[in-house]
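Chemist: The chain contents come next:
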Amino acid sequence: MVKSSPPSGFLIDRDDERCIRCQACARMCSNDVHAYDPEEDIIVSDNTKCVGCHFCEAICPTSALIVKHNPSQYRENFNWTSEAINDIKIQAGSGGVILTGMGCDKPYTVYWDHILLNASQVTNPSIDPLREPMELKTFIGRKPDRIEIDHSTEPKLATEISPQLELETPIMFSAMSYGSISYNTCLALARAASEFGTFWNTGEGGLHSDFYEYGPRTIVQVASGRFGVTREYLSAGAAIEIKIGQGAKPGIGGHLPGEKVTDPISETRMIPTGTDALSPAPHHDIYSIEDLRQLIYALKEATRYEKPVGVKIAAVHNVAPISSGIVRAGADFIAIDGTRGGTGAAPKVIRDNVGIPIEMAIAVVDSRLREEGIRNQASIIAAGGFRKSSDVIKAIALGADAVYIATSALVAMGCTVCQKCYTGKCNWGIATQDPYLTKRLNPEIATRRLKNLLRAWSLEIKEMIGGMGINAIESLRGNREQLRGTGLNEVELKMLGIKPVGEAW
Amino acid sequence: MVKTRNYPNYTGLIMRRMEIDRGGCSLFGMMDETGEKFSGAQVVKAIAKMQDRENGLGGGFAGYGIYPSFKDHYAFHLLYNDEKAKELTEDYLEENYSIEKAEPIPTRKNTMIMAPPLLWRYFLSAKETKVNNGIDQDFVVSTVMKINREIEGAFVISSGKNMGIFKGVGFSEEVGKFFRLEKYKGYAWTAHGRFPTNTVGWWGGSHPFGLLDWSVIHNGEISSYGINKRYLENFGYNCTLFTDTEVITYLFDLLARKHGFDFNVIGRILAAPFWDEIGRLPDNQREICKALRMAYGSALVNGPFAIIIGHTGGIVGINDRIKLRPLVAARKDGILYLSSEESGIREVCSSPDEVWMPEAGEPVIGKLRGLDG
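Line by line, the protein sequences give chains A and B.
For the record, in the first sequence the residue sitting at position 471 is 471 according to my numbering, with numbers rising by one throughout.
For the record, in the second sequence the residue sitting at position 39 is 39 according to my numbering, with numbers rising by one throughout.
Honestly, the hints are just simulated from the structure, not real lab data.
Check before you lean on any hint, since a few could be wrong.
What the hints assert, rightly or not - Some, not all, of what chain B presents toward chain A, calculated at C-beta under 8 Å: (1) S223; (2) G226; (3) I227; (4) H259; (5) V265; (6) F274; (7) A291; (8) M294; (9) S298; (10) L300.
Nothing here was measured: the structure is a model prediction, and the numbers come from that model.
Think of the CB as a built atom: it goes at the ideal place given N, C-alpha and C, for glycine as much as any other residue.
Can you build the whole structure from these sequences, using the hints too?
Modeler: Shown next as structure tokens:
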């Protein structure tokens with residue numbers, strides 16, 4: 001029987017005249033695509049192994065390589081797409097669930113691309129951020145409904161303010177565990193967050209002892225596997241996030257393959273080296289909202305009510321009532337991860353078919369909490385596929401307090417979103433634990449690039465809100481009058497709570 | 001300014017069309033802090049001086065202390081499109097209030113004032129049986145909201161005690177003459193000349209905007225409208241008029257009456273100091289300002305504005321946090337003057353003791369002596 005495996009998605013185009021046989025590609029490619037044949041003095045490339053990460057292209061000193069899409073096609077068919085046919089071939093061969101990495105890549109409506117922003121003309125002046133102060137400072141945590149001031153002597157604040165995270169820009173790094181990403185990647189995230197004045201998130205993999213010094217800029221996660229959760233870990237962070245779900249894989253747990261569980265990861269996660277790290281689908285002590293409340297308060301007790309405790313969920317159909325329940329259960333913030341949120345490893349069928357986009361989730365959660373008069377009680381952090389500063393600003397205008405970015409941060413460090421994180425062979429040294437690969441990521445340079453990204457987006461946000469005549473981010477938050485929808489139907493506009501383009505105030 | 005969507009179903013004279021009120025606008029405020037009363041003629045004269053800043057599509061005045069014989073009654077000023085609206089409104093008022101007196105608001109013929117609506121005033125006290133939480137101010141607020149939202153062709157422009165708002169479509173000077181303001185005496189007055197762009201104004205949409213004894217006149221446009229409105233909805237305020245002025249009035253009612261803040265604190269909420277500035281304050285002040293920005297971020301009024309608020313206790317002028325609209329203040333012999341331009345002040349007070357430009361976000365407070373708040 002002829003082997004029926006899917007063709008490679010990529011073709012390597014090598015310009016033999018440019019190639020100097022340095023063999024860098026052959027040495028470096030973790031997927032063993034390139035090999036040198038000394039007898040013929042040529043480098044041959046096995047296209048079937050190529051994942052399209054473009055690392056060889058980036059390091060080739062003579063630019064002899066181009067990684068292209070493989071033009072080989074099945075008969076065109078809108079139902080039986082190449083992807084559908086190939087997935088069947090893979091499963092017929094393996095008998096297993098197809099894994100993938102990063103966020104959903106299907107062409108569901110990206111609402112960000114259907115929302116346009118406002119700007120001032122004549123009647124109120126736009127503000128130039130190069131000349132006027134423009135404030136992005138953001139606080140995450142429970143806010144009081146009213147403030148009382150004691151005027152009996154010197155005016156003094158009489159209302160106790162719950163613990164808050166103070167951000168210089170409304171952008172944080174989202175949860176990525178040590179294990180799914182490398183030590184150097186974690187280090188760069190931690191440093192960039194600390195130096196810029198925002199926060200990074202440990203994900204569910206615990207906090208390596210070297211990173212405790214970044215604790216004041218760290219959100220520590222408590223997930224269903226409870227990896228690395230100790231008293232010291234909880235105390236080290238600036239805030240605690242209970243992870244219930246993730247946008248890329250709502251309803252299921254996590255799986256870090258044993259090959260990625262090296263000694264330092266085993267130590268950080270408190271599991272034996274080389275064993276699979278499986279986090280269960282539900283928390284085995286949370287089967288109801290009451291149970292969640294108990295965990296929230298157990299964590300608050302354990303940290304003496306000194307830190308905000310929040311809950312991360314995947315955006316699903318019922319996200320609004322669920323969020324309301326979570327706020328009433330005592331969470332100081334809710335992190336909502338939309339269906340385009342990334343992952344180190346998830347079943348493809350779940351990543352591509354479960355959940356709702358973050359845009360809708362922000363809109364319905366913000367509206368619901370306002371209707372119930374509890375919006376002040378918790379901050380909303382939105383996550384799931386933020387690609388640019390305009391996505392961020394739209395999220396805030398819809399009602400988010402801040403956003404989490406992860407894929408964008410990885411791209412800043414080299415990632416090309418090839419979706420192969422789950423293989424542990426990341427050529428860019430990001431989603432891997434192989435020391436040969438991880439040393440490719442220089443933490444100093446990566447830190448600088450992350451800070452550059454935060455700076456660039458913050459500048460762009462300042463330009464855009466200045467254009468609206470706004471000089472403090474809180475005047476944009478939930479200000480949906482600044483948004484207009486294009487190419488959306490009436491129901492979608494209603495759900496997003498925005499007017500169509502062309503309609504005045 | 002006035003926004004155009006979902007406006008209440010008014011027709012005809014009162015509600016011509018609600019559209020944008022932006023651009024110029026002139027403000028004037030004057031109060032005698034000793035409580036000495038003076039006639040409305042002075043403010044009419046002052047606002048007339050700044051006629052360049054208006055375009056004849058709206059003018060209005062608020063006077064305090066003008067109804068001494070009914071000082072314990074809520075003075076409602078009503079605009080009606082027709083007799084039917086009047087009938088429905090009066091039925092509703094009779095059911096809920098004892099009406100001490102009802103009369104047409106006296107006016108004089110003025111060819112410059114086109115097609116005025118029916119103008120009536122009522123002196124009312126709430127029936128005790130109707131006020132369930134014992135706070136009749138909340139009941140009055142709900143009455144105003146109900147009439148304005150539900151009775152077609154009726155609009156309450158003024159609802160405070162011992163004060164009144166007089167406004168209409170036309171140049172402010174003509175509106176002042178039309179209402180015979182020289183016949184009223186008050187200790188505090190505010191005046192507004194309006195420059196709405198691209199539309200005909202309507203009577204109810206002119207300034208001052210009032211609720212209880214609050215009156216607000218406003219020059220500017222606020223970019224934070226969307227969130228200010230949603231914030232107020234949390235507290236039961238329905239912004240039916242889609243105007244910035246309405247939002248500012250409700251914010252004052254919420255912050256001053258319900259949350260009990262003085263005007264200095266309210267200034268730090270509506271025109272919050274920048275974080276840099278807050279960082280330089282002494283500890284206790286810094287803590288207060290930081291907490292206010294955290295808790296009341298959605299009440300920050302962002303965008304260019306100069307406003308003068310009137311209330312029983314006095315008048316307050318305030319600018320946005322980077323002062324994008326003009327506001328000048330002056331004092332002479334116990335009288336505080338606030339004006340868009342100094343010319344307005346000089347018109348009625350040729351040699352003030354001091355004239356100054358208030359800093360961005362810094363409230364200028366005129367306070368009636370011997371009265372709390």
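Chemist: Against each hint, give a clear statement of whether it holds in the structure.
Modeler: Hints, one by one, checked against the model:
1. S223: holds (4 Å)
2. G226: holds (3 Å)
3. I227: holds (4 Å)
4. H259: holds (5 Å)
5. V265: The hint holds - V265/B has a Cβ within 8 Å of chain A, the shortest such distance being about 7 Å.
6. F274: holds (5 Å)
7. A291: Nearest chain A Cβ about 5 Å off; hint holds.
8. M294: holds (5 Å)
9. S298: holds (7 Å)
10. L300: holds (5 Å)
Every hint, counting from the list given before, is met by this structure.
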